[in-house]
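Engineer: I would like the entire structure built from these sequences, with the hints used as guidance.
Protein chains: 2
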Amino acid sequence: MDQNIITQLKQIAGKDGVLHTPEDLAVYSYDGTFEEHCPDVVVLPRTTEQVSQIVKLAAQEHLPVVTRGMGSGLAAASVPFSGGITLSMTRMNRILEIDEANATVRVEAGIVTADLQNAVEKRGLFYPPDPSSVRHSTIGGNVACNAGGPHCLKYGVTGDYVLGLTVVLADGRILRTGGKLIKDVVGYDLNALFTGSEGTLGIITEVLLRLLAKPTVARTALVEFSALANASRTVNAILAAGIVPATLEIMDETALACIEAAMHLGLPLDVEATLLIETDGTDEASVVREIEAVAGICRQCGARQVRVAANEAERANLWKARRSVSPALARKAPNKLGEDITVPRSAIPEAIRRLKAISAKYGLPIVIFGHAGDGNLHPNILFDKRDPEQWQKVEQMVAEEFALALELGGTLSGEHGVGALKRPYMEKALGPVSIHVQKSIKQALDPLNILNPGKVFPD
Amino acid sequence: MDQNIITQLKQIAGKDGVLHTPEDLAVYSYDGTFEEHCPDVVVLPRTTEQVSQIVKLAAQEHLPVVTRGMGSGLAAASVPFSGGITLSMTRMNRILEIDEANATVRVEAGIVTADLQNAVEKRGLFYPPDPSSVRHSTIGGNVACNAGGPHCLKYGVTGDYVLGLTVVLADGRILRTGGKLIKDVVGYDLNALFTGSEGTLGIITEVLLRLLAKPTVARTALVEFSALANASRTVNAILAAGIVPATLEIMDETALACIEAAMHLGLPLDVEATLLIETDGTDEASVVREIEAVAGICRQCGARQVRVAANEAERANLWKARRSVSPALARKAPNKLGEDITVPRSAIPEAIRRLKAISAKYGLPIVIFGHAGDGNLHPNILFDKRDPEQWQKVEQMVAEEFALALELGGTLSGEHGVGALKRPYMEKALGPVSIHVQKSIKQALDPLNILNPGKVFPD
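Protein chains in written order, with the numbering used here: chain A, 1 to 459; chain B, 1 to 459.
Simulated from the structure, these hints should not be mistaken for laboratory data.
A hint or two may mislead.
[Unchecked claim] Derived list of chain A stretches under chain B, where covered just means 3 residues or more per stretch with a C-beta under 8 Å from a C-beta of chain B:
| hint | stretch |
| --- | --- |
| 1 | 145-152 |
| 2 | 173-186 |
| 3 | 210-216 |
| 4 | 286-292 |
Even glycine gets a Cβ: it sits at the ideal position worked out from N, Cα and C.
Structural biologist: Written out as structure tokens, the structure reads:
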């Protein structure tokens, strides 16, 4: 990178805010995927104004700008394949305002989401979206990917909480959207446009979020099904009864076997699926009535056993199983590749059947768990990346996973985004007209194509 | 209009699908506002394909295309000030599919929203958004304006239910967005972009909506407050307790006096405000517990009286009051002009105080009611349009209403949209950067500016 540009970046962000040794660059070369590419320089801004100046310089020099939070993304959206400037937002991690009367919080984009959650919970407030990365991913990254999580069936995804954004545009201008307003139909919905745009339309530097009152009571049940089809039928029956549990998570037999082998929690190994179901609220009697109604529906739909946690310790144990999936997989094989395909929820049994067929065809395990109420499944392929033959199989298997999702009326991603990895499948998923419309929006907002180039869209 | 174009339009939409006599055109010259302008021709398409062909012809001839449903809009968004083609969507009113397993419905854009609601309710499903025009406005218009309603505090606005759209673009291409997917983060959120775009980015011809299970139980309370500030405090206290009522409507003393004069329902005339609060669900005990908790909070916050309806007849009577606001206003003055400003909900008492000051300053009544939980108020100015002096005052009063909303951190519209009427206030509301970003999206998607020209944006 041109020394003159480095000098200018240091003038903007301070000497300690610019990294450019090979060792430093390597730290910012990867995310939660297997992809890797070094940026030419890393800048760690402390203010929106600094971001604006950095982008103005990048626009002048036609340099790519790739924004990242903690680099936990699962679609390689923040891997800087074209080099250029990587903006690390982690120093912009302040809480700017908690407004209790209006139940909102304004934060800088680089705050870790769990830190934000803890801060508002101290005031009796609640920010529900809970991606599994919640303890290390940043809210800016969550917004840029429109992150989900187990709580999102009842409470909605990240985008449902975005009331306003501060965004640095591709020419360095600062855009402010929204406000402390539940309803706002003045002009186009720019909050929604930037949410999920994966750093390709602007750089999110501040986020204003809607909050709820913190639920004070929860009841949790683990439900065993000998037949997968009955688990799926149960999901529909619960929702049709007007009950929207806080979580409604499915784990198939492969996931259960993995977790049990690692954790010895006494999980059933002779079932096709379990559902982990939680109800919550602020009124204990109502929450209890709801889990009892859920239990009744489960039994009617052919559940073999319904275990409602009798106390907090039992509840923690049930959650331990769900939260142990990823570490348990790590013990089972050197590598895993988890996708997040989404299908209409009635198609879940067929999706799982086809995933098992893909696993059998290639001879590599696929462990299946996910958010059954949302139709959002996480098939995880277990393999050893050192074996090139296995890696080739994995790539073919992923392509088949995406194909089955589309065939069943679903799509490529419910939570992770497109990034670099799903670009080849975009045209098939959305069709040429949608791609053209989206590219024309990208072109209108970033005519030099400097913001996260080479992401989201096929070439 | 060129006879040749009329002939081509008849070839596309059939002879009975094209209207061009002055009498016919006059019928399509106005909406729910005081604005009026005749189109040059009205076309009533029956299919998306016909809409596509009409728009291709319009693009070729550089003719404006203004789409309308039932013309109930309150911002003159469908008044064709530039003439051209008005597309009336009312013949595209079919229900295409109700999918019970996935709880979705697919409809043509011209269906009246209440017809859609009734059809899904017969299957035990529920489409919650309930603008007061629900019995005559169309779902296409609701989506184009992102309509709200009393139910939207608990259930969300129209846009929260849009899973997919069929849209005819400005060059006649047909775009299909979304699917039967609760979570979908593949590419930009085009559903959200077209929702609320008021016919300026594309023509919505089909809508795929998410549905819920129909609530089977409701409890309703009318709560009287001697002091307005206590009513507002109560709203915050209820939400802070983790209770989200199905409705939380406020009526001030002017609204109560109007309704009582017209309807003789025994409403209190010596209070500053009432709240109409409803809880609903599928479990009677929980719904009852919730309204009892609400009643307790109301009393703690200084309510003078809490009347919970003991039966369905009493409940109907309470709703009668809320639903009678508009007809009652019509008896009080020849004309009314209702806005839908939105403020952070903590600012409601100050907003009402300032609205009363505007009323006093100009000597015309402002009746205030609205969705207190959302901060969305409907100040209605009562006047006689035949008196030019009064009309001039009304225009000044509206400008002051918008100014106060912006000063309190609010915005111009929570439900009605910008249309033609709020354009002069857009730059002040959103700032030049936001307007420029939005105009660049408009330019990218409609380079000839034929889709509802002269709407939403300032010149």
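Engineer: For every hint, state whether the structure bears it out.
Structural biologist: Structure-based check of all given hints:
Requiring three or more residues with a Cβ within less than 8 Å of a Cβ of chain B, the coverage given for the stretch 145-152 of chain A holds, as 4 such residues are present. Counting residues of the stretch 173-186 of chain A whose CB lies closer than 8 Å to any CB of chain B gives 13, which reaches the minimum of 3, so the coverage claim holds. Counting residues of the stretch 210-216 of chain A whose beta carbon lies closer than 8 Å to any beta carbon of chain B gives 5, which meets the minimum of three for the stated coverage. With 3 residues having a Cβ less than 8 Å from any Cβ of chain B, the stretch 286-292 of chain A passes the three-residue criterion, so the hint holds.
Violated hints are absent here; each numbered hint is respected by the structure.
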